[in-house]
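Residues per chain are reported as follows:
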Amino acid sequence: MVETREESAERKWVGKSIQRIEDPRLLLGRGGYIDDMRLPGMLHAALVRSPHAHARIKSVNVEAARRLPGVTAVVTGEEAAELCNPMPDFGPDPTRHEWRCLAKDKVRYVGEGVAAVVAESRAVAEDACDLVEVEYEPLPPVVDPEAAMEPDSPLVHDALGSNIAYEKTMVFGEVDRDFEGADVVVSDHLRWHRSSGQPLETVGAIGNFDPGSGMMTIHVNSLTFTSYLFMVANTLKVPSNRLDIHPHPAGGSFGSKFWAVKVAIIAGMLAKHTGRPVKFIEDRVDNISNSDHHGSDRTYQVELAATRGGILKSLRVKVVDDYGAYIQFGVGHHGNALAQAVGPYRIGSLQYELHAVLTNKCQQGAYRGFGSEVQNWVLERMVDLMARELEMDPVELRRKNFIQPDQFPYFIPNGNLYDSGNYEGVLDKALELSDYESWREEQRRLREEEGRYVGIGICTAQERSVFSATEFWFWFDEPAAPVTSMPESVTLDVDAMGNITATLYSCAFWGNSPETMVAQLVAEEFDVEPSQVNVVYSGTNQGLPATGPGGSRFTVMIAGAVQGASKKIKDKAFKIAEHLLEAAPGDLEWSEGGVAVKGSPDRRKELSEIAMAAHLFKHSLPDEIESGLEADQVYDHPYTTMPSEDRKNLGVFYPFVGHACHIPVVEVDIETGKVSFLRYTAVHDAGTVVNPRSLNGHIIGGIAQGLGTALLEEFVYDESGQLLTSSYQDYLIPSALDVPEVVVGHHETPSPYTVHGIKGAGEGGRMMAPAAISSAIDDALRPLGVRVRELPATPERILGWIEAAQAQSSS
Amino acid sequence: MKPAPFNYHAPSTTEEAVGLLAELGSQGRILAGGQSLFQLMNFRVVKPENLIDINPVSELDYIRVDDGTLAIGARTRQSALERSTEAARHSPLIVEAVKNVAHPSVRNRGTVGGSVAYADPASELPAVVLTSGGEVVLTGADGQRTLSAGDFFRGPYTNACSPDELLTEVRLPRWPDGTGHAFLEFQRKHGSYALVGTAVLVHLDGESIDRVAISLCGVDQTPVRASRAEDLVRGNVPSDGLFEEAAAEATSDLHPLPDVKGSAAYRLKLARVYVRRALELAVSRAKGERP
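Protein chains in written order, with numbering that gives the first Met the number 0: chain Z, 0 to 810; chain L, 0 to 290.
Any given hint might turn out to be false.
[As the list claims (entries may be wrong)] A partial selection of chain Z residues facing chain L, derived with a Cβ cut-off under 8 Å: (1) ASP126; (2) LEU130; (3) LEU445; (4) LYS569; (5) PRO733; (6) SER734; (7) ASP737; (8) ILE801.
Treat the hints as calculated values from the structure; they're not laboratory data. Cβ atoms here follow ideal geometry from the backbone N, Cα and C, with glycine treated the same way.
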């Protein structure tokens with residue numbers, strides 16, 4: 000049952016740009032990062048990494064390493080397989096591509112752990128890694144996903160019998176009919192190379208096992224999916240109620256720590272094995288080569304059909320996704336793509352053909368967008384191509400096809416729902432903020448008078464938020480675990496002084512400013528200052544159901560939990576106040592942080608007075624009131640429906656859908672292929688904004704990452720499967736000096752289904768920037784007939800495209 | 000990512016440092032700013048048994064003009080060079096070049112001598128020393144010798160220093176008043192390694208070029224002086240056509256080392272564009288048209 004939210008009265012704290020509560024701590028280095036934490040008697044671990052992409056492990060000789068002074072233990076992959084069960088895996092056929100914390104029998108990518116060394120210091124552990132002798136029998140590497148699909152290809156996982164982990168074609172609506180009836184069909188081949196989120200602090204954990212109680216405690220800077228940590232307990236062979244995971248500041252995730260459980264499992268395994276606390280923190284090479292969180296790596300063949308008048312009709316997508324050596328989340332990334340597959344446009348039908356392929360590379364995980372950003376790029380590439388084909392202004396083509404404000408809630412062909420939106424409103428604001436018309440004039444002038452190649456890009460795309468877990472399993476006819484809700488919980492506790500503590504249950508120290516959000520949301524409910532709210536994190540062992548950040552869900556979900564818990568507390572506070580003020584229930588109202596008699600504002604009780612009574616004077620209160628003033632609230636996904644049996648309709652699985660328009664202005668140096676920015680404008684509609692200041696940070700940071708994806712970042716594996724970009728000398732991430740100043744605008748179309756009308760907005764910058772920047776490069780190079788069909792658009796690639804276009808036009 | 004074990008020595012004078020080198024021979028390695036060496040050690044690409052830290056050797060920290068030559072002590076920080084008015088007056092080329100070295104935090108620690116001695120073919124300062132007709136002073140237990148830049152750079156990360164010698168000074172002769180300079184380089188992102196760098200000095204006698212030096216970095220085993228291109232330019236009146244011709248000549252016999260940031264063919268194309276642009280800029284400065 001879905002209720003439409005009533006527009007609430009004016010809000011006091013939600014919508015205010017307060018400074019982030021986390022800032023003083025995190026910016027001054029007082030956050031308590033995992034690498035700063037030390038436990039008495041703590042040992043340090045390091046990994047022996049595979050230098051081969053694909054090889055059988057013939058023997059591992061650890062004798063010399065064990066004898067090195069300071070070394071406590073060396074654990075090989077074979078021994079780890081005794082100490083631990085396989086890693087938790089949500090993919091198809093998990094038993095046929097078994098994933099372990101250390102490789103057993105064979106290595107499947109460069110950087111995969113083969114053995115772990117535990118020593119008195121990290122330096123000694125690394126010395127000992129150098130002494131571990133591993134004998135490998137190299138096997139033919141599987142690098143090219145297209146070749147990997149051939150029946151005679153060497154196999155990444157022999158038990159699977161194929162490198163195709165999953166394939167399926169889904170058809171929604173009358174695709175063939177729409178293509179046959181179309182006046183114009185454009186098609187293209189597009190390539191998106193792999194990159195990933197780059198945290199300042201890599202994944203780290205301290206395992207601490209108490210043999211007396213059997214408790215396994217792990218301090219970790221990673222993880223989401225709190226409610227699924229029983230799977231980690233299973234891997235570690237400890238009872239689920241004897242595993243307690245304590246969250247620490249992530250030090251950056253951007254998705255890259257979404258389910259980064261391997262480090263925690265290795266630390267826990269080694270702690271149990273040695274009987275002492277063990278810290279394992281990835282070094283940068285570990286993180287780049289062995290994070291389990293590389294981003295999408297896709298090759299597309301796409302067709303878009305339209306009428307001569309520019310009405311978009313249907314979209315056909317064929318995608319090959321190179322998942323690397325394992326497939327831990329299945330193809331949820333394509334669930335993300337499907338959530339907004341037709342963008343903001345009234346495209347009536349959709350075909351989606353997916354081939355998920357295994358190769359000898361680090362496996363995919365999560366990266367800001369989780370695969371939806373690639374779909375945005377693909378669709379926007381095709382819309383630009385259609386505009387060119389129809390000789391229409393790309394802005395006008397978009398405008399013509401937008402879903403209109405009166406069409407919401409709007410079901411897209413596969414069954415997902417867009418809750419609300421005003422796409423023309425966003426577009427108009429972006430055109431205005433970007434000085435679009437005057438830049439068009441300036442572009443002409445610079446071209447004609449100075450011979451410069453300036454381009455104005457446009458992207459109008461969707462930003463889905465708050466996933467339902469159905470997107471992970473609706474791919475399968477008989478899902479192993481047809482879960483739906485991904486709940487989030489909070490406990491609010493008003494102490495005797497009236498101060499409020501909010502306890503969070505997910506490992507939430509990501510960039511989503513959980514403490515600022517919760518403080519603002521609680522302040523809104525109780526009409527108190529956000530500074531009165533203390534936010535703490537529970538270990539998982541005492542935890543309520545929680546999922547954690549990911550898929551831009553946290554703020555929406557925690558707002559629901561906060562509202563529910565607040566209502567319970569306020570209901571009790573009213574009851575107490577009725578007694579203290581000798582007033583009838585209907586005569587009281589919440590006012591300025593306390594309870595007052597309507598019409599007699601002087602007759603009031605502050606929250607602190609009520610709290611004092613609740614905590615200490617139970618016997619002065621009516622019998623049914625128990626001591627204390629606290630409440631839990633578990634908040635379930637507010638709007639999700641089940642997929643149909645035949646999967647012609649996937650149900651509602653990602654319904655709170657924001658929108659954005661980015662307009663970058665770039666210049667391309669046509670002699671070198673270098674792209675520089677003259678201006679960048681971004682307007683986002685994320686429903687009701689809780690804190691515009693922190694949302695701006697999200698948008699700008701996301702644009703920086705999107706710029707990296709568009710121009711710089713690529714994990715390059717050579718033909719033998721060697722990773723050529725294993726440090727920041729070769730894997731280029733943009734710095735502040737490479738990112739233009741961004742003009743940010745907001746347009747607020749509240750969601751009718753969420754508390755306060757909030758939509759999730761953590762990923763929007765990166766979901767738009769690659770499409771927008773590609774469009775700008777196209778526009779700059781339009782006189783030369785060049786289009787961006789591959790990212791990153793490195794200067795060398797761009798120069799190659801220019802030369803190819805010139806060769807073609809002169810022949 | 001920790002280095003392999005090593006012994007640490009911290010001499011406080013050049014004499015002590017050179018004495019340690021004589022004693023330790025090839026087992027000793029000089030640590031200056033550490034901006035390259037520590038990376039190599041942390042990756043365990045190199046595992047020196049002994050580090051001789053010359054950071055305490057303050058007598059090698061100077062920038063001065065001797066007899067018309069700019070003399071820079073080996074331990075001088077790159078950031079000091081960047082801010083030196085003496086250097087800016089004497090050799091604006093090296094000041095323009097050093098600003099391209101990585102980021103301010105790296106330049107605050109990195110040294111002039113360290114950068115020259117490391118002989119990274121993509122590095123800026125070696126190219127400038129070569130362009131200017133500069134020299135390096137090597138000090139050993141038996142005394143000093145001075146080598147021209149052309150004789151000093153032997154290959155990628157290879158120089159003519161003997162194991163018992165310490166590079167103690169870099170010397171740049173002064174070019175005549177009115178010399179135009181240009182240092183331009185192509186980086187994939189701000190502060191990353193140059194795919195191609197070009198250093199140009201040009202002096203005009205009336206309308207025509209009477210002195211010129213062109214060097215490139217990032218395009219071969221060592222920094223390269225483009226002598227044939229210089230010959231082509233010298234004695235001629237600057238023109239677009241001349242610059243284009245010189246750029247083609249300067250890049251006609253180069254052998255760039257490819258990597259994931261740019262293929263050899265791409266680096267050659269860039270080199271040609273950058274030589275032309277650097278010539279244009281240097282000439283316009285020589286004419287006083289640009290600052």
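Structure-based check of each hint:
1. Restraint check, ASP126(Z) versus chain L: the minimum CB separation of about 7 Å is within 8 Å; hint holds.
2. Restraint check, LEU130(Z) versus chain L: the minimum CB separation of about 11 Å is more than 8 Å; hint violated.
3. Restraint check, LEU445(Z) versus chain L: the minimum CB separation of about 19 Å is more than 8 Å; hint violated.
4. Given the 8 Å rule on beta carbons, the hint for LYS569(Z) is violated: about 52 Å separates it from the nearest Cβ of chain L.
5. Nearest Cβ of chain L to the Cβ of PRO733(Z): about 6 Å, under the 8 Å cut. The hint holds.
6. Given hint, SER734(Z) at the interface with chain L, holds; its Cβ is 6 Å from that chain's nearest Cβ, closer than 8 Å.
7. A cut of 8 Å between beta carbons decides the hint on ASP737(Z): the least distance to chain L is about 5 Å, and the hint holds.
8. A hinted interface residue such as ILE801(Z) counts as satisfied when its beta carbon comes closer than 8 Å to some beta carbon of chain L; here the least separation is about 11 Å, so the hint is violated.
Hint compliance for this structure: hints 2, 3, 4, 8 are not met, and every other hint is.
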